[in-house]
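Colleague: Since each chain sits alone in its own frame, please combine them into the complex, following the hints.
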Amino acid sequence: MKTSRIFLLGAALASLTFGLNSCDLTSETKSTFDESVVFSNKTLAEFNVMSIYEVFGHTNSHRGRYLTYYGHNTDIEVYLQDLDGKETSAKPQISKYAITANNTELNINNGPYNELYIGVERANLAISGLKKYGNIEGDPEMAALYGEALVARALLYAELLKAYGEVPARFGPITPETIYVNKSDKDVIFKQLLSDLEEAAPLLPWPNGSDATSVTTRPSRAFALGLYARFALVASGWSLRPDDGQVGTGNTGSVRRSVDPMFAEPEALYRTALAGLEDVIEHSGCSLYGDYEALWKDFNNFDTKAGKEVIYSLPMSDSRGRWNYTYAIRAEGGSATFTQDVEKSKGGSVGPVPTMYWRYGENDQRRTVSCANFETVPAGSFDRQVLSGGEKWYFGKYRFDWMTSHPYSGGNDDGCKPVYMRYSDILLMAAEIANELGDLAAAKGYLKQVRIRAYKGHESEAESYVDAIGSKDAMFNAIVDERALEFVGEFLRKGDLIRWNLLESKIEETRTEMQALAERSGKFSDISGNVWYKYAADGATITDVWGYEHGQTTAPEGDGWQPYLDSKGSAPSNYFSMSDNKLNSFYFSTYTPNQRQWWPIPATAIVDAQGALSNDYGF
Amino acid sequence: MKNLFIKIALLMSALTVTIAAGAQTVKGVVRDSNGEVLPGVSVIIKGTTTGVSTGMDGDYSISVPNAQSASLIFSCIGMRDEVVAVQGRTVIDITMSEDSNFLEETVVIGYATVKRRDLMGSVSSVDNKALTAVPVASVSEALTGKMAGVQVTTTEGDPDAEIKIRVRGGGSITQDSSPLYIVDGFPVESINDIPAADIQSIDILKDAFSTAIYGSRGANGVVLVTTKSGVSGKVTVSYNGYIGFKRMANKQAITPMSSFEFVKSVYELAAMDDKIDTQYTPYFGKFEDIDLYKDQPTNDWVAQVFGKTGVMNNHNLSVSGGSDKVKWTASFSHLGDEAIMTGSNYKRNNLSFKARFSPVKKFDFDINARYSDTQVRGSGANSISDAGTTSSNGRLKHAVQYTPLPLSSTSSESDLEEDYGDNVPPLQSISDNDTRRIRKDWTVNGAVTWHIIDNLDLKVEGGLNDWTQTDEHFYGVSTYYARQTSTVPGKPANIHKDSYRKKLRNTNTLNYNFKDIFKTDAHRLDLLLGQEYIITKSNLLTLNIDGLPEFYTAENAWNFFSSGTPSNPSNYYYADDKLLSFFGRANYVLNDRYSFSTTLRADGSSRFSKGHQWGFFPSFAAAWTLSNEGFMSSATNVDNLKLRYSFGTAGNNNIPLGVTQMAFTSSNTSWVDGTGTIFTPTTVNGKNIMPNENLSWETTYSHNIGLDFAFFGSRIKGSIEAYSNLTDDLLIMFPTGGSGYDYQYRNLGAVQNTGAELSLDFVIVEKKDWGITAGMNVSYNKNVVKRLGLDSITAATRWASQEVGDDFIVEVGQPLGNIYGYKCDGRYEVSDFTWDATNSKWILNEGVADDSGLVGGSFGPGSLKLKDINVIKDAEGNPLASNVGKVDVNDKTVIGNTQPKLVGGFNISAFWKGFDFNANFNFVYGNQIYNANKIEFTSSRNYYRRNFITMMDSSNRWTNVDWNTGAIITDPDQLAEANRNTTMWSPSMGRAILTDWAVEDGSFLRLSSATIGYTLPESLVSKVKLSSVRVYVTGGNLFCLTKYSGYDPEVDTRRDTPLTPGVDYSAYPKSRSIVAGINLTF
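Residue numbers (numbering that gives the first Met the number 0), protein chains in the order written: chain A, 0 to 618; chain B, 0 to 1081.
Only chain B is shown next, with the shape it has when bound in the complex (with noise of 0.2 Å):
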């Protein structure tokens, strides 16, 4: 892999000859360390732009003008620079040693870039190669496992499924705790869009020494992309593409019941409730009949949803060219992703442009363009909660629960609301609930660099960036929307909505360097100061077209808007988002050895209110470079060894806007007789909140002790690090119900994010022709919440409407992500009741816990039992008569948590000859996961005709119906007997209930992907007039160990709120998939 980008990049540099007339003219050949010529190496006279670049033959002949005391850089992609003094010689030749050492590459930390020896705070990269090695549809899933500290999840199997990444746990509690992305500069919302084979490298700022540079916006990490720069030489084009298939992976982790064990499903839960007459028999004929349905066939909705082959292709053509004056590339991307659910698919168009010129000494001007064209199409696209529905519709829920045989009717009896388009045909649902989404994304970026004097650079940046996206969610007959929410009821409806955001920014820095004053190496000092303005313009249109005749389409609806009635017209155009900042920087290093650097940024925010826009967010670090004291000179093995430990603070202003002052916004209404619009204060999502102008920034102080190593030629290295965050003055959204508002945005609470990371890189062999290099990362995080202002926040996931209530639970001196429920005790036996026969019912044993309050249904033996774990009192600290004995609200308890103790990946890369191959692992260990796929496929909930996971087949829950009579047994011994080698309880029950059941370990270790490649041999390519030509085939998701009994265990559903995170209902399931790839070069 290494070689084989060594010799494309050899080819890729090429030619530029300026010759200065009547000068000494200097020769030679250059080799690498076995001999082997090099050409496409890059030789410059020192201080100049001169240069050459040597032939085939690794040769080289350049004019100095002033050979006594000019010196020639010799350079190349690969190999470690190498500068020598002419001195009057007129033939040098040169052996270029391969650049093994990574302490030079460079790190980008903000404003700036610095060799890795020169880091100070926490800082992790990913390149090229390692993004490009894996074909994925977006750059944050090739990030996964990759680095320490930072924690990818790809949340549900959709293809534009939000990817969470989280840099050293999360510090806010009921905020997002997303980094801030920032690409090439400019902050953006999401680097879902760039195309892997575009970016330069991904550099990860984890500590607040490292992200005070962003201050305000960087409490949460920072991620800085740079994208792909052109280089001189000549004009290059290279095509990268691939294509590739994918299903469903690990499908028989829910399989529905048969069609048989359906029946006897629906025939049990109505005779426990006395209601075959009306239940069962309409459907299903009389009980004496019910072995025909052992030999009909089961319906495989999950197949019919989930089951398609999706067919992935894409196309990456890249020409970059240039000279010593103008670099510059060029590439077009194209990604189509045919998805595995029925009708749903993703495509993506890119365009980018980079340039840089440089006309006279004095300036560079760099321009940068990006465009991208996403569209997302299909019910499966529908991941984001919207109102009026749930994430489920046209999911999962409908595949498994819809009856596996056909049915003349499906009624139901109950009188929720909420369960309006349940048993809804799985393919209607899909039809009904179908969506398209189109996004186009521009950024323009330009910059002018004034080398003012020596050392002394001004950077002028401007960039724009313009972002819309346009939603079209069309809402069939079946949908509650439809149905209930609709001005028109009871006909299709489409909800519109077109989103609109214009980011400026400019950004002045000015970098001095004082080596010019020093006259010595023992003194280095960089000094940046800058400036930066940031704002942002944004409206959100949205209009609902209800009444759309029956028959329409999807399509239909999107393109006859006028068929139906308009309704809930708005276009609201948000406050504009400013943002000022004051930085600088300053490094100090002292005879290499030690160094010393500190932060400042003030950041004024538009968000807050006059007199706590401000926030000023210095840091510090140092830095011990052992390997370079006299005592270690003879450790020759240690090429590095260095101890650094940095404080800062960073800051968040994440809050919505608008939330510190009152003002009133118009809105539409259907609800209220007489008015169609009102004016109320503003709210936020739908939530009345309070103003509050104290708000003020959320600051997070981090202390970060980090060791960087690297031994035997840089054969081992990596670095260990420890981190203590505290983000304080949490911006919390802080429930304010009874007061006339909902929430109000406050300054409380804190919370607090210790752990420590590991990250080792070995190369193994290192031969000529084979090599095998590995990897590893492994990180810890443990976090706590300090204070709250409060007792507790709960927050509830409404995955089952209000039946389950809050389900997750933040307090003080717990971990964010409790899941909050019941202790399961199993199921009642039937020696827990005593048989009224007079009233022919089942009656609780004194002593025994009474949970029928809560689990409802059928209550009697092998019903669902609940631990009573806590006695309320009264003020007297009686027990409380009413409490004594039951199962209520108040027996709810932390259950689980889902965040992971380690989470990390591990990844191996070999070569041979022409052959490559390259393994990544990743894992996370120590989570939990609320499974409501579990419990909502295990319970009635009052309904007679949901389908149940065979866990509830009839041999294996607790069956009430003697099958040979098709009697309700009553006789004690008869049931114990009938139910002696059952363990699951029922489903008879009245509502969805969470318990430590449905909470299941998430720990996991996936091969996300490897992959085989081979580099055509060179001669055989330069026939066909090619630079290299490589195959590959890679295997994605091939393996998944874990104990999570659902489909997988990378999971996150319910993310209204970050209150709840690790929920995995209905998920849209990940895909294995096999691709097969080429990358060429001209």
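So here's chain A without its partners, still in its complex pose (with noise of 0.2 Å):
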């Protein structure tokens, strides 16, 4: 150092005697502003502040893999794709608990588990950013900002821990010392969550108190409350955990509640909680559509106006994302309702479960709006319903001939806005949490609204049903019930599922009764085994069929009614027997789900944190 000072000092010297110009190195990016620029200005922190969403968008993060992969398979949703498929093949592995650390449909360097850390950096970066120069005191705008980059964060922290079960707690931006860090216990995660959302809601206007909250895509106070009484369930609930004070030590674990006296003993974050829903529910503006496909209907066309159901939505924009392309009923390819000629057939990798549509009341209004047992073909210039047969089931949720205002193009991108948390949620969250506190009366009255709307047109049925509810345990039944027929499609199932510890059971029942109707047995021995249906004038779209309902045994009356015929022209008298991979098609049998609740943080994390991060699980 001391030859190169000298040198130097000589270099400058000879500089100086060849009279010579600039010897300035500093050199900034023209196109690049500062921390104290970017977070003192309102347009430019909104700007960073949606760079937090920005990472959903990403190729293979939310887009491509964790909305497609994530959620499935439950007791009412299940993977229809590569039934066969082995457990080494890696789309079935991840829907069927076999996922491995390698597997290469989520092990890639910009997989959802990289991205979402990306997104969380961005987060940290604004909240630390706002907080120094953004003047939240002085400026409810910003403070605003603030309190939805502390939302953003909470959302992506919701994603990680849902479908990782602990991952390392990064609440500010990187420095050297906090590249490598382990996992850490949940409780930490959550506690830290739960405050930022305490801390976040007030800052936060109400649906359509401002222009960000005017869209479902931005969140509002009600999300934050939303939000905080899911993490409030979920951080109380069971799941997969290691030992107390072994995580990221590749502990096994076991499915257990928490032992920290804020989740062991939740009176208290259930009373916030629940003081957070009812102002949601009193004050939001927020109310249930009165018709339980309307909503569907307007999701199907982007409706992102806040103030309705929709409480929060994923901000896909209208060119990106791949819900429908995933989850729509399934259209086969050249059909006349996408605006391109695609060859390639869309939708219905996934499915409810076959006997999904018995679950339902035969009044229940969302009943033919979730389950749907048909695709479409093209026919020239329009598409044709045709049936799928027993074992192939859609949410009828999502559908291409529904995109009226933003018809599919064709690409691989639809841009719906997935449906993240919803009013009917508020409800039953509300519902859930009174029970849980021992107001049985209150929590009827939370079920009631909710099951009054799926009933429409046949409301005393509704209503007679939950004045039934005669004790908390009931009543716990029939939220866990009644989650499944409101949600399904919308994968809460599985988080609900595994926080009240019922995801084997109810996986078993399901199974069972797959197998139940598969037979004809039990309390399907009153079903025919021939399906038959009947066209609109169109030729397009099945208005009837005939053959699903309890008690059709024989073949129906009246006149338009065909019989399904199946690939070889033959009428089948066994419409919904099953073959054995689909009866076995929710897990593999190397694991239970139990073991598998989560999927492994992947490989090439793992080995970018040079040793500082570990699976637990025996992954």
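Check before you lean on any hint, since a few could be wrong.
Partial chain A-side listing against chain B, Cβ under 8 Å, derived [what the hints assert, rightly or not]:
id, residue
1, I117
2, L124
3, N411
Since the hints were derived computationally from the structure, they do not count as laboratory data. Keep in mind the model is a prediction, meaning the values are calculated, not measured. Ideal Cβ positions, reconstructed from N, Cα and C, are used throughout, including at glycine.
Modeller: Here's what the structure looks like:
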């Protein structure tokens, strides 16, 4: 170093001798701003907050991987593709509880795990930058942005926790000391998130209280409070977790509840959460749609107007995201509802379990909206609905032919904005928490609202159903059922079952039920194995099906019926039969669902963490 | 050749007469060693600028003011200088000897030139003769095989293909290992746009002693290009031109299957998946009629795509002249290349001007301006990956796998999004990926040299380089971008990019030669002190035009931007890249025997943050010229014998700008609802980079030992060298996934290159009428990663999107360029399975490794078999149940290396009377190539109607179909019998799999060019007032001996990251050419 200094001195002298110009080596990129500029200006700060959500759109983050793989299989939703797929195949491995850290779909360096942490870092930068430069105390608009960044970070953690179980806690911009950290106990993360949401909620306007909150793709106070309640339920519920203090040690863990008093005896937490939900119910201006089908028609038309039923939806742009591409009723290539001539079939990767249809009451409006037993095939200038067979059911909530204001363009991205939280969830969470707190009457009141909407035209049936619930346990069971009926295809179920510790038993229940349906025994013994259907005058829409309902054992009467024919042209008498692979499609035999409640942190992230980060549960 | 050059040179130098009145006149005749008169020899009075040239009869007459003490210097290109004291004589006849002593040649070493005899570092040189002997489009191409220790790889066959130059292996891991290019003192990004005819010499500095004078940027070698200067004499005009034709080379290497074989393979794939009804019958009819396809013609798409006869034409006109006060040259070049691929062509125009003005004794003024204008057209030019596409679009891929006979539809059931745009009609794919690149490059240099006192010179140089490139990339409706990424999906789009770069340079050097102080020849000491400041400003403007009308062609799209919807506008101004340097060099020679030299350079770079900006690069060299020792005086056949050793350090600041400080930048997004703009921490190529304030120089420490020799009147000469380079504190793009950033640049790790080089030149015959010379060079390099800061870095070429996964790996203790994949174990035979008749499926026998999870497809007998080489153990050391007997990602291993053991070349030149002959060979030995084409063209990857290459003909591959009945064979004996004579596995696969089967020996020997020329007799030429006329014919790439099964073993197509070299995927094929040309001098 000394020689170099001497040399530098000499060199500087030489440069003076030469009478030379600039020795300035500072250089700033003209196309950049530093922190103090970005977070002191509302427009720039907002651009920065929006960048947090941008990670959802990254090719292999929520857009291409997380949203297409998270949340199935459950007792109500099941992966339809690759029924014969082997345990070593990447895609079925994810749905069927046999995922490995090397899974080629998720173990990629631009996969959901890494991308979500890019979002976390952006949120951390925004939170610390706004605190430093944003004048939060004096400027409510900047305060709202700060609140939004806190909620956005909580949202990212919600996604990380529900997929990976435990993850590293990063609540400040990266420093050289925090590049490599191990997983944290989820209690630690939940405590931070709950306090963040408590801080954020009052800073955020109610839906339509500002420009930002006039759309459901930006968080409002209602979402902050709703998320608080959701976290309260999850944090105090069951889950597969390492032994206390053993997170990130490779511990096998067990399904248990937290031992932290805040979550082990969650009464206080529940009271805060319930107060927040009541606040939403009273002040958010949100309400249930009168018609369950209209809700989903609006979804397919990208209605993001705030103050209705949807509290929050993921902010995919109109040309990004693969929701309907993955989950809509399957449409065969060449469909007339596609604006492009698309050769490949779209939709239908996942569907409701075949028995789902019969879990609804006959007069439940949600039944036909949620369970569709048909797909569409192109027939020249229009698409014809054809029955898809007893094994394959689709989410009728998501339909290409309902995308009337934004017709599906044929790309891999459809622009649908996945519903993240609805007002009915607020009501059912309130019911659940009230029930836990011993207020059965209040719980009934909330449940009733949801049930009555579903039984449009048969409201009294709904009322008497709720009125008949006589105990806390009965109420709990009713809520377990109701959440399945209300949210099928919205992929809340996996998290619900885990926190109730019902994941395995409910899946087994469904499997038994499916077996009965396939054999038409037990409660399905009065169902015909034949199915007849009728087209509307246009020859495109199936208006009526005969054979689904209990008691429909003989051929229907009247005109226009045609029997379902299989690919060989014969009318099978066992429409609802199922292959062994179908009946066993919930999970591979190597692990039980409870052993594989989470995805492993991908191998690429483990390697990149330089030994600081470890998976648990024997991954 | 040499004689010819001498003649031209003689004619070019001509008369300037300045007679000082009232002085003694000295006359004489100058002859060569054969007694023939020499015209055009310059005769100058030593210590003055006064001089004359000899006339046509070799005679001269000069007035010498002080005839007693003056000396005359006779000089002529190609002859050894003669210095003669006048001593009062009035007639001095001189015989000049030919300068076959290359030791007198000058070598450019950075801020100075030295005679080769004084060279102490390791420098390879190529002069203009070698560069212009063979007509080539780019200079770097002409360097192939010419210099020891310098590997030149023409990555693909397209006219603007990137040419990779690597000096003594590569020192960097994740960063580019390209050398520093300096043209007339100016650092440039590429030397491809300079016409070969304009270049005087190229010198490549190889060891760190030589490169240390360039300090921070010398770690990967320095390529110094010197353009031609004017010579004093009469005005000379010369014209060089050629016209040539080229055709695709080695076309038969990749032959798609015939129509009939194609139909059979579609049938078989459909039958195996029980999908005949949906995948076969709708397109081809019933199986019973399959024989009808026997007579169907097979469409040769490859010929339609690459079958054009390329026409090249090149014109170079140069004028030069001057007096003792002014020397100048100007030239114009045009190169036109209608390439072999449909729709692709290349045009380049160059203008250059160089002059030296010496109005007074104390000052020289230099000015030098160059301009080039290059236009590249066609989808073939799309060789550099850009976002939203892969380099294969519009290339070979579709030409091979597209159906060879017309089909009604080519639908596919795959749900892999990346596959969209697959199986596009090859010609549509070309027009849908049309590109145009227009590049303009201006460089102006000026310099003043002030001869302050005797032997003390100050040179002040200034330069400006202004570079712009406009790229247009059209995306037709079949492209992934147009269908998926565009904001208006389904319509044509165009991506427009304007790159702009401006470089300013100021260099000041002070040179002092101590000869007046020592007053003796025993000590020689030169001193150089210098200072340099370079600033580079750049910006990149990008604009996407989406949703253009569907009938628009590429030309329409480029002409009518306003017809579409603009998206993603961005004009990014990079941080100014500043480099401030101080340097010095001292050379000391004692008694012409012992030489010592030292170089010091300090560099400050704005790429690093304060406190880390300065790097200090010292170096030292010593040489011992044995041939000048007294005890060697009896060895008269030894002209030169010099042993030299050097040690030096050189640096590298090869990191992107702006990766040391946290800053936020704006970018467009079409992914988020509610905003089109986001502000994020800065990214580099779409990757989130964690800033690192502590980044600093990476340093290469190099030892070099060399022996230069020349024997028998320099008829045999050459050098042998050995080196060891250790690059430490490597700048690595370090993966930090999961932290919130993808990468962070860090100083980590070390790479060592050790090697040896030999170059030899022979004068085999040297007669008046004929002669033969030959030269050869060979170099060996061994590269090993010493430290990495982590276990390994893997990289994916992504030629098959995500299917192959990581296919390159860098590990400590291993060389760079390791290919990472599975070991191929042939195929599964019938004996590996048992037929389960009840479930109608094959059950793998106990103890046979199961790779079904990887290979997929219709797994059974005939499937590709991989080796299960690795068993994963759990914490207790027991084999993991899920891994036993299964081939999975844990069974990947290193299956090859893309770095050659030896590279080199040899050439032979001969002349007989007016005829000349020259042949250049180059070779590479001991490297492997990752032949991705072979994988792609033999795997179904779940598609049904992709054509394969003939290797997968039904007579070669495993077949499961009984071709008499069309049924799938399930009887084990019958199946084994049906495949008794086949060797290949079944193409039915779920994905592309990299095995060592696709890793091939890439060694080759190429006759890169052979030329026959004829120089017309002077008697004939002078009648038409010409000085010299030569005509010639050159064949390019006449043969290439190799075991490699693809088109050409010199290939490198996945160049996004330096981690993935030597991959052959859908490369633009190389061509074979024949060129006829003429050299005229007026």
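Colleague: Checking each numbered hint in turn, tell me which of them this model violates, lowest number first.
Modeller: As far as the earlier hints go, not one is violated by this structure.
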